Amino acid sequence: MEFTTTTSLGRAPPQLVGGWEAGLLIFLALLYFGGALVNPAFFGSTEALHALLRDTSRVGIIAVGMTFVIANRDIDLSVGSTYGLVAVVFARLFAPSFLDFELITSAILCALLGTVIGLANGVLVTILKVPAFIATLTMLFIGRGFVLALTHGQAIYYSDKAKGYALFFHLGETNVFGFNNQIAIFAVVAILGACVLAKTRWGYETFATGGNEQAAIYAGIRTRWVRIRAYLISALCATLAALLSAAQDKGVTPLYGVSWELTIIASVIIGGASILGGRGRVIGSCLGSAVVVLIDKVLREGWPITRIVVIDGESIAVGAKFTLPAGAVLVFLGLLLVVAVLIEPYLIRRQVAARLWAWLRGRPPPPAYEMGGVALEGVQTKGAMATDMALSATGLGSFLARRDALAIILTAVLWLTGVALRPDYWWNLSNTFAILLNYTELALITVGLSYVIAAGDIDLSVGAVLALAGSTAAYFLKVVGADPLTAVTMGLLAGMAAGFVNAVVTVGFKLPAFVATLGMFYIARGLAAWFVAGQQLTGWPEGYNLLGRKVNDVLLHFGLWLPSGSIRTVAEVVSVQTIWMFFVALIAGIVLAYTPFGLKVCATGGNIRAAAYAGINTNRVRFVALMLSALCASMAGIINVAYFRSFNPVAGQFRELDAIASVIIGGGSIFGGYGTMIGALAGAAVITLVRALLQLNVQGFSMPQHWINVFIGVILIVAVLIDIWVRQTNIFGRLRTRLARRAPTRDGTHD
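In our numbering, the protein residues as written are 81 to 831.
For the record, the hints were derived by calculation from the structure and aren't laboratory data. Just so it is clear, the structure is predicted and the values come from calculations on it, not from any experiment. Virtual Cβ for every residue (Gly too), placed ideally from N, Cα, C. Treat the hints with care, since some could be wrong.
Derived CB-CB ranges, DEER-like [claimed, not checked]:
#, residue 1, residue 2, range
1, L108, Y284, 27 to 33 Å
2, G98, D563, 57 to 63 Å
3, W439, A295, 32 to 38 Å
4, L199, P444, 45 to 51 Å
In silico DMTMM-like pairs for lysine to aspartate or glutamate, Cα to Cα no more than 25 Å straight-line [said to hold, decoys possible]:
#, residue 1, residue 2
5, K243, E253
6, K243, D329
7, K279, E101
8, K241, D329
9, K558, D633
10, K330, D180
11, K330, D135
12, K241, D180
13, K330, D240
14, K330, D376
15, K330, E253
With the sequences and hints as input, model every part of the structure.
This is the structure:
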């Protein structure tokens with residue numbers, strides 16, 4: 081008699097908690113113990129543990145909502161600005177110095193605001209098909225612009241009025257049991273979210289959608305609604321956290337929610353969720369929140385040290401505290417995000433810990449996790465329809481069919497608008513080239529980003545890399561006392577190092593480009609502030625400043641004088657950086673349009689699988705594109721320092737938004753596969769002219785900068801929608817075809 085032996089696959093992994101959560105608990109205990117060793121004055125007290133749980137509560141509540149989004153294979157970069165915006169709106173509604181509404185009215189309006197934000201994100205991503213990172217990144221910038229505009233950079237407090245609403249504001253205080261009420265609310269939200277995700281149909285639909293959306297559709301799941309629902313949950317969780325902050329602080333500052341999207345995403349990924357979707361547990365996300373908040377506290381609190389101070393020849397020991405310099409915490413959080421995203425594919429899915437434990441016990445290794453299905457990729461190269469239309473058109477139609485025609489037309493229209501509004505300013509040659517100087521920085525960044533987007537990737541770090549290169553050059557000029565050539569070299573090397581990390585993490589470790597470059601966005605921005613200690617630096621040799629001067633100023637510096645005439649007039653207004661930008665754009669344009677590498681870039685972005693089958697080394701193409709983007713951003717940073725003759729840590733802010741909008745307006749496809757340098761430069765001109773027009777003083781009115789950033793965010797969304805629905809889907813052409821088919825039918829019915 082024969083017996084068939086079978087290998088047991090072991091118990092099914094628990095849905096609420098598992099071994100990963102147990103490991104996080106152990107790590108939390110060790111981390112807290114380490115904090116108590118380095119800073120016993122703070123972490124050795126029960127108050128510190130209570131403060132950790134209290135601060136974890138708000139982060140954890142938002143992480144609960146983010147778990148649903150990431151499990152859906154989406155991302156929500158707007159949670160930090162949603163949190164800040166809701167808190168600011170509540171302060172404006174409730175504070176006696178503003179609208180002075182009742183508490184219930186203010187809270188209801190804030191809940192409606194959170195609902196609108198969640199629905200807007202969901203509709204943009206699902207129905208309008210805007211990539212999740214673009215839609216929510218734009219909402220991040222728009223929300224941050226609203227926060228700064230509504231607060232005017234000032235804090236808003238309402239502590240006196242809060243005394244009349246003790247029930248609500250007691251939510252932010254300690255209860256009779258000795259712990260903060262926010263902890264209890266967090267526990268309720270965490271348990272509810274964990275049960276919904278693990279034990280209900282909502283959770284099943286979420287994991288099915290994130291694991292393989294196409295298969296989920298075949299199974300009858302309304303995946304659009306599932307994804308919209310996740311964004312709605314995420315926004316409402318951020319709204320609840322904002323109201324709890326309003327109850328605790330009885331006021332708000334413009335810094336509410338800054339960088340929180342980084343903290344939240346890192347928390348969810350550390351908690352075991354997969355950035356590729358189909359995996360995640362709420363309890364793990366909550367424990368991940370505690371890990372991130374604890375690390376942040378350890379870094380910010382520092383540790384006690386003893387300094388020796390000499391007074392009148394006598395050495396005196398003085399107690400002090402060592403804290404990390406400005407920007408260091410931001411650098412660490414950016415690194416934490418990248419490392420956290422790498423944990424899931426390289427540790428969790430490969431079950432490293434479980435395999436090691438099985439090996440130690442002499443048992444067979446556990447089975448590998450299902451990696452999830454892969455949606456079928458279309459064979460048509462993205463953007464091919466619009467390209468075919470341009471090739472088949474003739475005359476004026478051939479120009480109008482070009483993908484970059486919109487940017488060229490808009491540039492002319494905006495220029496004429498400026499002439500009509502302020503001819504006294506617009507026709508002035510020096511003012512014209514002042515606008516051109518602002519254009520140069522953006523155009524340089526756009527040149528490199530055009531390659532990245534055409535290759536099917538994205539680079540969210542270009543503004544931060546600009547700041548990193550500029551701060552490095554400023555540091556070597558001011559602190560080290562280096563010569564201009566050394567400062568330029570070190571600035572370029574710093575920026576290229578950031579690009580190298582982006583390329584290695586994206587191509588080598590196969591992470592989504594938006595995750596890798598989002599981490600670099602914070603790392604580079606933190607390093608830029610770290611190098612200059614958060615201060616503005618100024619005062620270096622004029623030889624360096626020549627990089628940002630007019631051509632005539634450079635000639636005079638070397639003892640050359642131009643005779644009076646048109647050549648001298650132009651030399652007095654044209655800058656060296658503008659000439660350099662056009663030179664770089666010319667070379668980049670020729671490479672993109674007329675060389676095999678340019679064709680490989682567009683082929684890789686159009687259909688990476690088909691490009692690989694054709695023998696193209698797509699990894700090399702993407703690697704070079706990301707490096708080129710960093711190089712162009714670094715050059716812009718070097719020139720920025722020379723032009724302003726100083727460096728400010730906020731240099732390059734919102735340049736990511738401007739550059740992406742420039743490429744898309746200029747005809748580039750957010751899905752990759754297409755790009756022209758003429759279009760990119762025209763798109764940069766559109767953004768520059770829009771900013772110039774909005775800042776233009778017309779009859780005593782000019783728009784504040786914060787509202788301009790909101791307006792640019794809206795422009796980016798509109799540009800992406802035009803790319804998706806006009807260029808890619810050709811919705812107008814399909815409409816004309818449908819109407820043409822109906823016309824003969826109606827004629828036939830009258831006969």
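Hints, one by one, checked against the model:
no.: 1; hint: L108 - Y284: 27 to 33 Å; in the structure: 30 Å, holds
no.: 2; hint: G98 - D563: 57 to 63 Å; in the structure: 58 Å, holds
no.: 3; hint: W439 - A295: 32 to 38 Å; in the structure: 34 Å, holds
no.: 4; hint: L199 - P444: 45 to 51 Å; in the structure: 49 Å, holds
no.: 5; hint: K243 - E253; in the structure: 13 Å, holds
no.: 6; hint: K243 - D329; in the structure: 13 Å, holds
no.: 7; hint: K279 - E101; in the structure: 18 Å, holds
no.: 8; hint: K241 - D329; in the structure: 13 Å, holds
no.: 9; hint: K558 - D633; in the structure: 23 Å, holds
no.: 10; hint: K330 - D180; in the structure: 14 Å, holds
no.: 11; hint: K330 - D135; in the structure: 16 Å, holds
no.: 12; hint: K241 - D180; in the structure: 9 Å, holds
no.: 13; hint: K330 - D240; in the structure: 9 Å, holds
no.: 14; hint: K330 - D376; in the structure: 24 Å, holds
no.: 15; hint: K330 - E253; in the structure: 11 Å, holds
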